[in-house]
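**Student:** Chains as they are written, first to last, in the numbering used here: chain A, 3 to 341; chain B, 501 to 820; chain C, 124 to 660.
No lab work stands behind these hints, which were simulated from the structure alone.
It is possible that some hints are incorrect.
Some residues of chain A that are not near chain C, with every Cβ distance over 10 Å (derived) [said to hold, decoys possible]:
| no. | residue |
| --- | --- |
| 1 | D112 |
| 2 | D181 |
| 3 | V182 |
| 4 | N237 |
| 5 | V244 |
| 6 | E271 |
| 7 | K306 |
Selected chain B positions facing chain C (Cβ under 7 Å, derived; list incomplete) [claimed, not checked]:
| no. | residue |
| --- | --- |
| 8 | P576 |
| 9 | P592 |
| 10 | N603 |
| 11 | D807 |
The beta carbon of each residue, even a glycine, is placed where N, CA and C say it ideally should be.
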Amino acid sequence: MKNIYIILIFTLLIGCENAEKKSQEVNLYSQRHYKVDEKQYENFTNKTGIKVNYIKANADELLERLKNEGENSPADLFVSVDAGKLQKGADLGLFQKVSSSVIKNNVSKDLQDKNGYWIPITYRARVLVYSNERVNKEDLSTYEDLSNEKWKGRILVRSSSNAYNQALMSSIVANLGGDVASDWSEALVQNFARDPKGNDRDQVKAIAAGQGDVAIVNSYYIGLLLSSQKEEELNAGRSVSVFFPNQGDRGSHINISGLALAKNSPNKENAIKLMEFLTSEEAQMTYVNNSYEYAANPNVKPSKIVQGWGEFKRDNLDLNKLGEFRDEALKIFDSTGWK
Amino acid sequence: MYLEVKGLAKSYKKDKPIIKKLDFSVNRGEIISFLGESGSGKTTFLKCISGLENIDSGIIKLNGEILNDENIFVMPQNRKIGFVFQDYPLFPHLTLKENIVFNLENKYFKYYKNMIELSGLDQLENRYPHQLSGGEQQRACIARALIRKPDLLLLDEPFSNLDSNIKFSIRDEIYKIIKETKTTTILVTHDINDSMNIADKILIFKAGVLQQYDNPHNMYCEPINCYCAKILGDLNQIEIDNKIYYIRPEKLQIVKNSDIKLVVEKCFFQGKEYKIQGTFKKNRWFLFSPHSVEINSEISIKFKKTDLIYFDNLCSNYFD
Amino acid sequence: MEIKKILFSNNKRWIIGSFILAFLVLLPILTLFVRLPSLENTTFKYLWDTLLIDYTISTFYLLIITCFFSLLFAVLPAWIISNYQFAGRKFFDIVLYLPLAIPTYIMAFTYADILSFTGPLQVFFRKNFHSISDFVNHDYMQVEILGLLMGLALYPYVYSVCRVSFSLIGSNYINLSKNLGLSMTKTFFKVILPLSSPAIISGLFLVIMEVLNEYGAVKYFGVNTYTSGIFRAYGSMGDVGAAIQLSVLLLFVVLLFMYVEKKYHSRFKFYYSSNSKIQKLSILEKKNYLLSIVICFIPFLLGFLIPFLFIVSNIFLTYNQIDFLDLIELTLNSVSVSTLASVIVVLVVLFFLMVEKFTKSSFNRYTSEVISLGYAVPGAVIGLGLIILFTTIDRSQSSIVFYGSFFVLIYAYVVRFLAVGKSPIKSSLEKHPESYDETAKNLGLGPFNLLKKIHIPINKFAILTALIVTFIDLLKELPITLILRPFNFDTLATQTYEFAIEEMIPMSAAYSFIIIVIGSFLLIILKNSINKQINVS
Numbered sequence: 003m004k005n006i007y008i009i010l011i012f013t014l015l016i017g018c019e020n021a022e023k024k025s026q027e028v029n030l031y032s033q034r035h036y037k038v039d040e041k042q043y044e045n046f047t048n049k050t051g052i053k054v055n056y057i058k059a060n061a062d063e064l065l066e067r068l069k070n071e072g073e074n075s076p077a078d079l080f081v082s083v084d085a086g087k088l089q090k091g092a093d094l095g096l097f098q099k100v101s102s103s104v105i106k107n108n109v110s111k112d113l114q115d116k117n118g119y120w121i122p123i124t125y126r127a128r129v130l131v132y133s134n135e136r137v138n139k140e141d142l143s144t145y146e147d148l149s150n151e152k153w154k155g156r157i158l159v160r161s162s163s164n165a166y167n168q169a170l171m172s173s174i175v176a177n178l179g180g181d182v183a184s185d186w187s188e189a190l191v192q193n194f195a196r197d198p199k200g201n202d203r204d205q206v207k208a209i210a211a212g213q214g215d216v217a218i219v220n221s222y223y224i225g226l227l228l229s230s231q232k233e234e235e236l237n238a239g240r241s242v243s244v245f246f247p248n249q250g251d252r253g254s255h256i257n258i259s260g261l262a263l264a265k266n267s268p269n270k271e272n273a274i275k276l277m278e279f280l281t282s283e284e285a286q287m288t289y290v291n292n293s294y295e296y297a298a299n300p301n302v303k304p305s306k307i308v309q310g311w312g313e314f315k316r317d318n319l320d321l322n323k324l325g326e327f328r329d330e331a332l333k334i335f336d337s338t339g340w341k
Numbered sequence: 501m502y503l504e505v506k507g508l509a510k511s512y513k514k515d516k517p518i519i520k521k522l523d524f525s526v527n528r529g530e531i532i533s534f535l536g537e538s539g540s541g542k543t544t545f546l547k548c549i550s551g552l553e554n555i556d557s558g559i560i561k562l563n564g565e566i567l568n569d570e571n572i573f574v575m576p577q578n579r580k581i582g583f584v585f586q587d588y589p590l591f592p593h594l595t596l597k598e599n600i601v602f603n604l605e606n607k608y609f610k611y612y613k614n615m616i617e618l619s620g621l622d623q624l625e626n627r628y629p630h631q632l633s634g635g636e637q638q639r640a641c642i643a644r645a646l647i648r649k650p651d652l653l654l655l656d657e658p659f660s661n662l663d664s665n666i667k668f669s670i671r672d673e674i675y676k677i678i679k680e681t682k683t684t685t686i687l688v689t690h691d692i693n694d695s696m697n698i699a700d701k702i703l704i705f706k707a708g709v710l711q712q713y714d715n716p717h718n719m720y721c722e723p724i725n726c727y728c729a730k731i732l733g734d735l736n737q738i739e740i741d742n743k744i745y746y747i748r749p750e751k752l753q754i755v756k757n758s759d760i761k762l763v764v765e766k767c768f769f770q771g772k773e774y775k776i777q778g779t780f781k782k783n784r785w786f787l788f789s790p791h792s793v794e795i796n797s798e799i800s801i802k803f804k805k806t807d808l809i810y811f812d813n814l815c816s817n818y819f820d
Numbered sequence: 124m125e126i127k128k129i130l131f132s133n134n135k136r137w138i139i140g141s142f143i144l145a146f147l148v149l150l151p152i153l154t155l156f157v158r159l160p161s162l163e164n165t166t167f168k169y170l171w172d173t174l175l176i177d178y179t180i181s182t183f184y185l186l187i188i189t190c191f192f193s194l195l196f197a198v199l200p201a202w203i204i205s206n207y208q209f210a211g212r213k214f215f216d217i218v219l220y221l222p223l224a225i226p227t228y229i230m231a232f233t234y235a236d237i238l239s240f241t242g243p244l245q246v247f248f249r250k251n252f253h254s255i256s257d258f259v260n261h262d263y264m265q266v267e268i269l270g271l272l273m274g275l276a277l278y279p280y281v282y283s284v285c286r287v288s289f290s291l292i293g294s295n296y297i298n299l300s301k302n303l304g305l306s307m308t309k310t311f312f313k314v315i316l317p318l319s320s321p322a323i324i325s326g327l328f329l330v331i332m333e334v335l336n337e338y339g340a341v342k343y344f345g346v347n348t349y350t351s352g353i354f355r356a357y358g359s360m361g362d363v364g365a366a367i368q369l370s371v372l373l374l375f376v377v378l379l380f381m382y383v384e385k386k387y388h389s390r391f392k393f394y395y396s397s398n399s400k401i402q403k404l405s406i407l408e409k410k411n412y413l414l415s416i417v418i419c420f421i422p423f424l425l426g427f428l429i430p431f432l433f434i435v436s437n438i439f440l441t442y443n444q445i446d447f448l449d450l451i452e453l454t455l456n457s458v459s460v461s462t463l464a465s466v467i468v469v470l471v472v473l474f475f476l477m478v479e480k481f482t483k484s485s486f487n488r489y490t491s492e493v494i495s496l497g498y499a500v501p502g503a504v505i506g507l508g509l510i511i512l513f514t515t516i517d518r519s520q521s522s523i524v525f526y527g528s529f530f531v532l533i534y535a536y537v538v539r540f541l542a543v544g545k546s547p548i549k550s551s552l553e554k555h556p557e558s559y560d561e562t563a564k565n566l567g568l569g570p571f572n573l574l575k576k577i578h579i580p581i582n583k584f585a586i587l588t589a590l591i592v593t594f595i596d597l598l599k600e601l602p603i604t605l606i607l608r609p610f611n612f613d614t615l616a617t618q619t620y621e622f623a624i625e626e627m628i629p630m631s632a633a634y635s636f637i638i639i640v641i642g643s644f645l646l647i648i649l650k651n652s653i654n655k656q657i658n659v660s
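Work out the full structure, taking the sequences as your base and the hints as a guide.
**Tutor:** As structure tokens, then:
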């Protein structure tokens, strides 16, 4: 019995100790959990001697945690893979503005937050992939066109509970208005090859299996699929091609992953140093070499696989709109039966 | 008085007392038998005495010290009372020896050898409970209680789970052990034969109160009411002058001719005599005869008027 | 003789103690109730109007399918193994428990991969039997398949109770019904199954709980259950209030099931005389041998062998990318928090059950019932309750930083998994007669010695069972760990999940492999412990 108390007290102490050690460290609440991130943090620590601590969880849970912790929050930075969540955090008053000329110079202007609450580090595009056998590239044009009757029973996409789909719908609401978006969604659902399910990789496999012809997927996951260790998956990946929609008008929908400085950040200076580091050319190179994202720094070219899809025009929409129109997007999903 | 119980009352639910009022006392070294039907509150009574239950009102005094009254409650572990439960609960993870010396103070260890010999368990010390027979488990429980030299030993239905062929020998052995250790004992049972065989005094408990408390002989011959009378043995009912009297079977004699005639229903041999069951004026009667009689024949009976027992009519109404 | 002036003062102390502890256990859930917004809340109203019927239908549909498959995989093998002697019996008696070591979400992700167009099954047909490969080319991510997979992952809950129950029901009954002219099949359906039904229902209840709380697998297969609804309200809509309302709704659904289970249990609790000796097994007839082997082999093959081999093959594929230091560190993390939490769970459970036994008060009977409620609430919701709770405490008393420490994590684990640790200990305690306690008290034992000298030794297998079952559940635990873990803290489960949702399933193989190996190892110990209980009682 006694031993248990000792262990209990001990764990308590560890907890307290963690919270009290404040010198030369920076604390992250992160939705990103890739191995490349750990590598970046290691590089940062080697360079500056500042230790990077992180908790990885879902964005909403982390925001809720941040909100409830208030002034006592140990968090310095919030990391998300969805501009919508960054906007939401800013809206809740959880962040503070960052004005660093280093960062401003590091990243493309159109990717930056107009209000200055968050900064981008990488971005991905929501693209179309199509069967090389069954689809003519010329038949593809825009997201909107996918609701055309010619695609009946041919469209594959994952569930509406996925944040990337929600961001896409938000961008359509922001660009074209709620009514157009709603009509589009309704018609698109009629064209679905099957009920939404699985992840993005599964949509590509479904094209290979012949269950559908065109899928809406995240560019990042195509990259992953094309570097699979499994021969069969590579074959599936090679049986499809990537298409960037809306090149004739507003450009393809993109979403960023980015950082925001917590309002009550206890290690503000370190946090800004980390932000500057992550947007630097050196760190941006690490991102593109270890993942299939596009770099927010315009001087850094994406990885070979990604470059193979060619350059594309991206939608210049204010990315905060991806958060602002989230509720409306969800209601459209539900009312039009996009599961 | 060694054990004194005064005005003991106990209920689990407010308006349903199990024990309404109980007064009695026990002398040192006596074995008394607490006789009652199953579910009448016998085990509750033992739990009150041993402190496993707190009493609602009354006083329990043992050896001059109050165990339980309005203000005082001595915890069960501080009462020197041995309790042997109905289902012989030996702890399954301990050997017989470990069970007997379980939580035993050092000063009692010297009795161990004597106790285990007395209870005839000396060859079985290292066995586990599931390797012992029912009788052995029973004796082990009693040895476990007695080794602590209790002021009082409580036995709850000690023979009810035993086969009838070994029951008698165990009963005798237990009697021997108790008497040899001169332990004051209360034995709770529903079986009058156990009471008669082992107890110095019998306490009949019914409807939440004490009915009669006396030695077996007096109780048999002078039952205080029809309930006690019936418990102690068969009774034959007879109506004389509009009053209901009772008479014990062995007081009846078969004669050649008399006013009282009985139609024989059954006649069975009991070793020494025949027991005859017959009907007399719609009442079922029992009597004994050295000779067999024919079924459905009529026999004549006589008895002495002084052997008749009288209870008020109300009595049988009350208990039935 | 020591005399206590105040009557039963000791009892009062225990009752107050158990009240405080029960309050602490329920605090995270109570916190949610305090934050419960009114029903006018727009998000909830919106969900109610648009999606709730869909959620209800698919939740219950999934439950029915999962329960069906759990019964299918559990009951017959348990019957065969409990009653017949055949070559391979001992082997099956061990391995049929093993699917419990595989987390449901890993089962779902793995099978989705195996059955997919690029998975081994379809590839095999494409390469060797091209003409019929089209017949196996289906979309296997259907709710029915999900039910089957969850049945595979969860049937051991039913299997274990059946196995114990079938072995305990005396061979007397079997002999009796044979004597009355019933065939073995009829005996099974007319005597054994009715007698075992309370046990089977309690096993199914655990299956139902797991299905209701499952999130990862359900989301991946695109099936919307109540729990997905909670995450939709919480995650996508960002409406914590609506998420809490949905959780409370889910809680009521669970309470409904709990009530049915209790009712059934009390109505049909048969006091059959159990076997005192090890049951003599019948020798299986030759003609039935093959069939029995197949019946026992299928749950093991589908529920364990195939996913396990697939995971092992993924390890070979990613061998050069495995970070072994990381693997060791996460294993130590997982094992240490799971050990600590499961020990605390068992201690707390023992406390409540002993106080209940000791005071015999009806209040304590209720407290030891309600502490199970945590199991009915999705882990993420308990996490949310604790965040709200501790941030409130932290704010008012800023010097104490409980929050974000192992303390909170363990606290949440304990709240969530008390019920898991409770059931084996409780049922074992119920088997022993009250007179053990009374004798021990009569022999002068206080409550602590009663526990130490009597109840711990005679219930040691049940306690071991409780420890192992809780430990395995904690090893697989995901949502609570994700949200409440301290900085820089990963477990095998979180790492597995992170790779899985990033669509890098092969990379997760090494981590899930360790979960499965540790779990399997413990389940083999557990199986011995269960068998000892069968033989002892």
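**Student:** Next step is simple, just say for each hint if it's right about the structure.
**Tutor:** Right, here's what the structure says about each hint:
1. D112: holds (26 Å)
2. D181: Non-interface label stands for A:D181: nearest chain C Cβ at 18 Å, farther than 10 Å.
3. V182: holds (21 Å)
4. N237: Label violated. Min Cβ-Cβ 7 Å, cutoff 10 Å.
5. V244: Non-interface label stands for A:V244: nearest chain C Cβ at 16 Å, farther than 10 Å.
6. E271: Holds: least Cβ distance 19 Å, greater than 10 Å.
7. K306: holds (19 Å)
8. P576: It holds, given that the least Cβ distance between B:P576 and chain C is near 5 Å, below 7 Å.
9. P592: holds (6 Å)
10. N603: holds (5 Å)
11. D807: This hint is violated: B:D807 lies away from chain C, its Cβ roughly 45 Å from the closest one there, beyond 7 Å.
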